[in-house]
Amino acid sequence: MQNNDSFLNTSAASADIPLLECRNLCKSYGALPVLYNWNITIAKGRIVGLLGPNGSGKTTLIKLINGLLTPTSGEVLICGNPPGVESKKVISYLSDKDALDSGMRVEDTINLYSDFFEDFSEERMYGMLKRLSIDPMTKIGTLSKGNREKVRLILTMSREAKLYVLDEPIGGVDPAARDYILDTIIKNYSPESSILLSTHLISDVERILDDVIFVSNGQIMFADAADNIRAQGKSVDQLFRETYRF
Amino acid sequence: MTWNIDYDRPIWIQLVEQLQVALISGELNPGDAVPSVRDLAADAQVNINTMQRALAELESRGLLVPKDNRWRASGRAVTEDRSLIDEIKLNYARSILEDFTQKMRSLGLDDGEIVSKVAEYLSKTRSKGE
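Residue numbers (this note's numbering), protein chains in the order written: chain A, 12 to 257; chain B, 52 to 181.
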């Protein structure tokens, strides 16, 4: 990619600009390095798994992409732009922390998202709520944990974004809810957008991944297409267990 | 369709195999429209790119043909050419036979015994069926 040329016409070159590019990205908290020299490129139309044990730097990367942290050195570019107003228009982010207001009704959160994001599709949102039989008038605080996670996910997936960044989307939910969440991710897939999702629950997500990035102790261990790993007779889960054996 | 996916082999190859079985078994008939990539992917709970790759492979083998549809460029139908389907059916039967023969030989049966066992089994199951 040559999009570091500042004179480059972005509209003409937009077909070639990756959705996400990290170049020599480093992040330290004080003297403690958490990301060391990450280089990642994500093209259009991919579902990418960011896989690693707790504390390996997954959430730090996701926060850097969303502009919640600033790099110590190196850079993050989203569709050619650094994190900021432009990047927030095209990234739909599911954070690892539940920030919904328990006192609001589901409908209020939909209105909030709708006001906030011009690419939010209420039609898509209400369609998915209906299939889940969740009443929009329900208070967020009275939803079960699984339903609350589902509402958070479908709010995220109801945007017509370029890059969906999902931090532990299947964290604390039961296997049936997990299947629903993965189905939702597959069904909302578009060849124009990509999904980056972090998790340590690999066996659950591996069937939907195009590419995997293994991270450990702040370093990228390995990145490849999931079917390339399987062509060597190993599941992604097996390779993960071998890579991270203590 | 019922899908059965293992994670220690490339998923797209398994999708090709299982779609071929659907063609052989008549679950998908010659000339039938194939469901969209999106629907098939959702049904098999796999990524759309993976399903796309499997369908493209079947198309390159001539088993699926692009459907003439102005609005959806990606529409596909099962080939009308039955000889192609018969061919994969025979290949499939041969691989089952190879597998079976290998297992019987590993039990220590000689070829004559295998043939007589098969004949015996066939006649038994036939009389049961009647």
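Just so you know, these hints were derived from the structure itself, not from any lab. Think of the CB as a built atom: it goes at the ideal place given N, C-alpha and C, for glycine as much as any other residue. Don't take each hint at face value.
[Stated by the list, open to error] Now the in silico label distances, taken between C-beta atoms and shown as ranges:
1. A/Gly138 with B/Ser174: 51 to 59 angstroms
2. A/Ala54 with B/Leu173: 21 to 29 angstroms
3. B/Arg145 with A/Tyr137: 21 to 29 angstroms
4. B/Gln96 with A/Lys141: 20 to 28 angstroms
5. A/Lys156 with B/Asn142: 27 to 35 angstroms
6. A/Lys141 with B/Gly126: 25 to 33 angstroms
7. B/Val72 with A/Lys156: 37 to 45 angstroms
8. B/Tyr172 with A/Asn239: 24 to 32 angstroms
9. A/Asp194 with B/Pro81: 28 to 36 angstroms
10. B/Asp132 with A/Asp27: 53 to 61 angstroms
Do the hints match the structure? See the list:
1. For A/Gly138 and B/Ser174, the Cβ-Cβ distance of about 58 angstroms falls inside the hinted range of 51 to 59 angstroms, so the restraint holds.
2. For A/Ala54 and B/Leu173, the hinted distance range of 21 to 29 angstroms is not satisfied, since their beta carbons lie about 55 angstroms from each other.
3. Checked against the hint of 21 to 29 angstroms, the pair B/Arg145 and A/Tyr137 fails, with Cβ atoms roughly 53 angstroms apart.
4. For the hinted restraint 20 to 28 angstroms between B/Gln96 and A/Lys141, the CB-CB distance of approximately 21 angstroms keeps it satisfied.
5. For the pair A/Lys156 and B/Asn142, the supplied restraint of 27 to 35 angstroms is violated, since their beta-carbon distance comes to about 50 angstroms.
6. Evaluation of the 25 to 33 angstroms hint for A/Lys141 and B/Gly126 yields a pass: the beta carbon distance comes to about 28 angstroms.
7. Between B/Val72 and A/Lys156 the Cβ separation comes to about 40 angstroms, which falls inside the hinted range of 37 to 45 angstroms.
8. Taking the beta carbon of each, B/Tyr172 and A/Asn239 are about 43 angstroms apart, not inside 24 to 32 angstroms as hinted.
9. A/Asp194 and B/Pro81 have their C-beta atoms about 31 angstroms apart, which keeps the hinted 28 to 36 angstroms range intact.
10. Between B/Asp132 and A/Asp27 the CB atoms are about 40 angstroms apart, so this pair departs from the stated range of 53 to 61 angstroms.
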